[in-house]
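Sequence order for the protein chains is A and B.
If you count the first sequence from 1, position 257 lands on 257 in the working numbering, and the numbers rise without skipping.
If you count the second sequence from 1, position 85 lands on 85 in the working numbering, and the numbers rise without skipping.
Hints are computed from structural coordinates only; laboratory data are not their basis.
On a predicted model such as this, the values are computed, not experimentally measured, just so you know.
Fair warning: there could be bad hints in the mix.
As the list claims (entries may be wrong) - The list that follows gives simulated cross-link-like pairs (lysine-lysine, DSS-like), each with its CA atoms no further than 25 Å apart:
id : chain 1 : residue 1 : chain 2 : residue 2
1  : B       : LYS159    : B       : LYS208
2  : A       : LYS208    : A       : LYS356
3  : A       : LYS268    : B       : LYS98
4  : A       : LYS93     : B       : LYS229
5  : B       : LYS184    : A       : LYS265
6  : A       : LYS120    : A       : LYS65
7  : A       : LYS112    : B       : LYS236
8  : B       : LYS98     : A       : LYS267
9  : A       : LYS268    : A       : LYS208
10 : A       : LYS260    : A       : LYS229
11 : A       : LYS268    : B       : LYS104
12 : B       : LYS237    : A       : LYS112
13 : A       : LYS267    : B       : LYS120
14 : A       : LYS93     : A       : LYS120
15 : A       : LYS25     : A       : LYS120
16 : B       : LYS237    : A       : LYS120
17 : B       : LYS236    : A       : LYS93
18 : B       : LYS169    : B       : LYS159
19 : B       : LYS169    : B       : LYS208
20 : B       : LYS236    : A       : LYS120
21 : B       : LYS169    : A       : LYS93
22 : A       : LYS25     : A       : LYS208
23 : A       : LYS112    : A       : LYS132
24 : A       : LYS112    : B       : LYS229
25 : A       : LYS267    : B       : LYS104
26 : A       : LYS93     : A       : LYS153
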Amino acid sequence: MILTFPHMGRMYIPIKGLFDDLGVKTVIPPPISKKTLEIGTRISPETACLPLKINLGNYIESIQKGADTVILMGSCGPCRFGYYGVVEKEILKDNGYDIDVVILDSPGLDPKVFLQRIRKISGNRSWTKIAKAFLQASRVVTKVDELLDISLKKRPRERKRGETDRTLARFEREVLDCHGSREIMDFIEEYKIIFSQIQERENADPLKIGLVGEIYTLIEPYVNLNIEKKLGALGVEVYRGITIADWVRTHLSLDRKYKKQRREKLKKGEDYLGLCIGGHAWETVASTVSYCDMGLDGVIQILPFGCMPEIVAESIIPAIARDRGFPAMTLTVDELTGEAGYLTRLEAFVDLLSQKKGRGYEQA
Amino acid sequence: MKIGIPRALLYYIYYPLWRTFLEELGHEVILSSGTNRGILDHGVKSCVDDACLPVKLFHGHVMDLAGKADRILIPRLISVQPGEFICPKFIGLPEMIKNSVPGKPNLLILNFNARSGMEKGYEGLRSLGRELNASNAMINHALEHARAKQDVYTGMLGKGSDPITLLEKRGRQLSNGRSAGKSKGRIGLIGHPYLVYDQYINMNVCSKLDAKGYAPLFPENIPAHEIDKACERYPKKLFWSYGKSLLGSGLAMLEHGMVDGLILLTSFGCGIDSFIDDLLQRANQREFHVPLTTITLDEQTGQAGFDTRLEAFIDMLEWRSRYDSYLSPYGADVYSNQRTI
């Protein structure tokens, strides 16, 4: 059994650590590229959402490198993600890849099946070993996000332009040489120090923009055309509405305190949307409101074309913007999104924000 | 009080329930006009671009009612079957309307959430009744009547009738071909109720099929247990009630050889259909090999293009049975590469 999984930002780091610890062979899909997207687009239903297309590209590129089993998280609606596993398996089958797709649904749905599947992908290790490995992996998740948060703070303030991104790229290259979650965590700690040594400009007072929207688009840099990097280069400090760590804590852990905080945060959007409508639309609306309360300069919502829950959020955000005089922009991405047009819109939005602050046009 | 019900989305399925309930509570119910150019244009203008055609139409119907009704009923259908959902846009519908429709019409929001049991779902109607200042006794009485009416309606749909005949009283137009017994065959029309039964937006597809001598068969004509059974071939339960109904009814029609062809009607950007139609097509290609076509509708769909595709499909269907000994000179037959005729 050689496992593979779809990419989602830096999720491959904790997953690698997890399966290294368990001694299960994995193939990390090659970084998402135009080719990945082309493979996925060719075999997917035309109006399926972008993440599905990229997932399929990931699988096929991994299968070509020897993988024979796919693991994928599941959910039970109403967002389309919940049925990804079934549709993806059917598509792979029709294209000549009759491989095993293991769907990890929420444990609450059917605990027995969940445990069986965990056991299966863990190479039948003992439960204590499995539990330990998963616990370690969740720590790696948090650490990776901490590192990314530092990079978000550093980018708009760095003295030497591009230094943060170069460091991050080096980290991503080298982390693959680590084996097991312990080594990975030590390595991340090392890089935290390297990041903190990046020199900052004096008196840097960057604009602050919150990113909200669909989770995959927010987390996967290829899909959002590396918006964090682009905004950072425009001199903007980016706040992320959703991180992998948030997702893991919400869906896979028993962290009561965190769940309570989350509920309180969601309450902030009550005036506009007061219930879960699937996906992360509720978070999108609540984060927009709370970023406004926090005094950020604006928000950008990103969604893949046709994303059902985010369309609802998209129609609510203008009302928040209107009521509170809070600048907001929506960017829709799909396989045809052009980088230049996207950058122009980001630049224009940043210009507007800095003019609103009375700074006039400045080349960051 | 005059309460307006938009003639859009799941009106085609739940109208008897809503109407009877409100009328029994002593209110007058009015419907928005049938879909027309004006409604479509208004809807498209007020709604976000990314939304699908039916949601845009709903916006248009709400605007049509503004000024005519004292309050407008906006159903928030979270779940209509225990353990299932419907499209996320239905759940956020009241918010979409509130934030997009100009002039802040007075909305009456009906929450219906049967996720943890049908009775829980009807609680939504009860609290709607309380909001309209009805006594508990009145509410119970009205609900009982409404549910009885709805049951009769659902039963009639299961026996082969359709909402256009039952609600719009245009039955005679539709059933000409069928009753005369000169029907050449049946064509399954798989699509969400708000596409299949809205004769404006689907370019009168039912009458057009009828004129060509084919009777349409709708997803609502397939009994629920057949749908559930047909869906068992997939390892994971489908959590969208209408997704399940479309896929299951399509599969049931194929499995029992009830249809000569299938037309999948979908609106551009429909998230559920992008998956459901794909699964149905794959199943058909592997096992059933029934002629199948997908027609995508949006606000720019043109009548002429639509008719051409429909005619081509019917031609293909008929030629196929007439020339079934045709062998392609190219080495492979034109229908699929796994099969010879």
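Evaluation of the provided hints:
1. Under the criterion of a C-alpha separation no larger than 25 Å, the hint pairing LYS159/B with LYS208/B is consistent with the structure, at around 22 Å.
2. Straight-line distance between C-alpha atoms of LYS208/A and LYS356/A comes to about 13 Å, which keeps the hinted pair within the 25 Å bound.
3. For the suggested pair LYS268/A and LYS98/B, the alpha carbons sit about 18 Å apart, so the restraint of at most 25 Å is met.
4. Between LYS93/A and LYS229/B the alpha-carbon distance is near 23 Å, which keeps this suggested pair within the 25 Å criterion.
5. Of the supplied pair hints, the one linking LYS184/B and LYS265/A is violated, its CA atoms being roughly 61 Å apart against a limit of 25 Å.
6. With a C-alpha separation of about 21 Å, the suggested pairing of LYS120/A with LYS65/A holds against the 25 Å cut-off.
7. Between LYS112/A and LYS236/B the CA atoms are separated by roughly 15 Å; this keeps the pair inside 25 Å, and the hint holds.
8. With a C-alpha separation of about 19 Å, the suggested pairing of LYS98/B with LYS267/A holds against the 25 Å cut-off.
9. Under the criterion of a C-alpha separation no larger than 25 Å, the hint pairing LYS268/A with LYS208/A is consistent with the structure, at around 20 Å.
10. In summary, the hint linking LYS260/A to LYS229/A is not supported, as the alpha carbons are separated by about 32 Å, beyond the 25 Å threshold.
11. Restraint check: the Cα-Cα separation between LYS268/A and LYS104/B comes to about 23 Å, which is no more than 25 Å; the hinted pair holds.
12. Between the alpha carbons of LYS237/B and LYS112/A the distance comes to roughly 16 Å, so the proposed pair stays at or under 25 Å and holds.
13. Distance hint between LYS267/A and LYS120/B is fulfilled; the C-alpha atoms sit about 24 Å from each other, no more than 25 Å.
14. Restraint check for LYS93/A and LYS120/A: the C-alpha separation of about 21 Å stays at or below 25 Å, so the hint holds.
15. The straight-line distance between the Cα atoms of LYS25/A and LYS120/A is roughly 13 Å, inside the 25 Å bound, and the hint therefore holds.
16. Distance restraint check for LYS237/B and LYS120/A: the Cα-Cα separation of roughly 21 Å lies within the 25 Å cut-off, and the hinted pair is therefore satisfied.
17. Between the alpha carbons of LYS236/B and LYS93/A the distance comes to roughly 16 Å, so the proposed pair stays at or under 25 Å and holds.
18. Between LYS169/B and LYS159/B the CA atoms are separated by roughly 17 Å; this keeps the pair inside 25 Å, and the hint holds.
19. Between the alpha carbons of LYS169/B and LYS208/B the distance comes to roughly 18 Å, so the proposed pair stays at or under 25 Å and holds.
20. Between the alpha carbons of LYS236/B and LYS120/A the distance comes to roughly 18 Å, so the proposed pair stays at or under 25 Å and holds.
21. For the hint linking LYS169/B to LYS93/A, the alpha-carbon distance of about 46 Å lies beyond 25 Å, and the restraint is violated.
22. Using a Cα cut-off of 25 Å, the hinted pair LYS25/A and LYS208/A is violated, with the two alpha carbons roughly 42 Å apart.
23. A C-alpha spacing of about 19 Å is found between LYS112/A and LYS132/A, which places the hinted pair at or below 25 Å, so the restraint holds.
24. For the hint pairing LYS112/A with LYS229/B, the CA-to-CA distance comes to about 24 Å; that is within 25 Å, so the pair holds.
25. Taken as a hint, the LYS267/A and LYS104/B pair is honoured in the structure, with Cα atoms around 24 Å apart against an allowance of 25 Å.
26. For the hint pairing LYS93/A with LYS153/A, the CA-to-CA distance comes to about 45 Å; that exceeds 25 Å, so the pair is violated.
Checked against the numbered hints above, the structure violates hints 5, 10, 21, 22, 26; every other hint is satisfied.
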